[in-house]
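J.: Sequence:
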Amino acid sequence: MKLIKSIVRPNRVDDVRQALEKMNIPGMTVTEVRGHGRQKGHTAIYRGKEYNVTLLPKVEIEVVVQDNQAEDVVAAIVQAARTGEIGDGRVFVTHVEHSYNIRTGERDV
7 MKLIKSIVRP
17 NRVDDVRQAL
27 EKMNIPGMTV
37 TEVRGHGRQK
47 GHTAIYRGKE
57 YNVTLLPKVE
67 IEVVVQDNQA
77 EDVVAAIVQA
87 ARTGEIGDGR
97 VFVTHVEHSY
107 NIRTGERDV
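If you read the sequence shown in our numbering, its first letter stands for residue 7, the second for the next number, and so on.
These are computed hints drawn from the structure, not numbers from a lab.
Don't take every hint at face value.
To be verified - Here are the in silico distance ranges between beta carbons for each label pair: (1) 40 to 103: 26 to 32 Å; (2) 29 to 51: 38 to 44 Å; (3) 101 to 63: 26 to 32 Å; (4) 29 to 106: 22 to 28 Å; (5) 59 to 29: 21 to 27 Å; (6) 23 to 100: 20 to 26 Å; (7) 58 to 7: 38 to 44 Å; (8) 51 to 28: 53 to 59 Å; (9) 96 to 59: 16 to 22 Å; (10) 23 to 44: 24 to 30 Å.
What you are looking at is a predicted structure, and each value in this text was computed from that prediction instead of being measured.
For glycine and all other residues, C-beta sits at the position ideal for the given N, C-alpha and C.
When you get a sec, could you build the whole thing from the sequences and use the hints?
T.: Below you can see the structure in the form of structure tokens.
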């Protein structure tokens, strides 16, 4: 199994969710996060004062899929999240050694 973790713009979450639903991905975890990469934040004005915003709001989407689905899922996420501008996000793929169902205690293969 593979854990696919993607960091995307908040306004692209619904597009990614819909793309994953079309692929019959049964579940996902969505978390609001803050961070920066090449974008490095921006300058904003609040009550007449200028300040630097270095940690930008992003959304982290995590899904666990079978090994043979991983490349297709990554492609769907990238296509759904891409705007072509700096700050579109990243996708990370890691190996999942074991998974357990908490309710039943069963180990997934």
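J.: Which earlier hints turn out false for this structure, listed by number in ascending order?
T.: The structure conflicts with hints 5 and 8, although it agrees with all the remaining ones.
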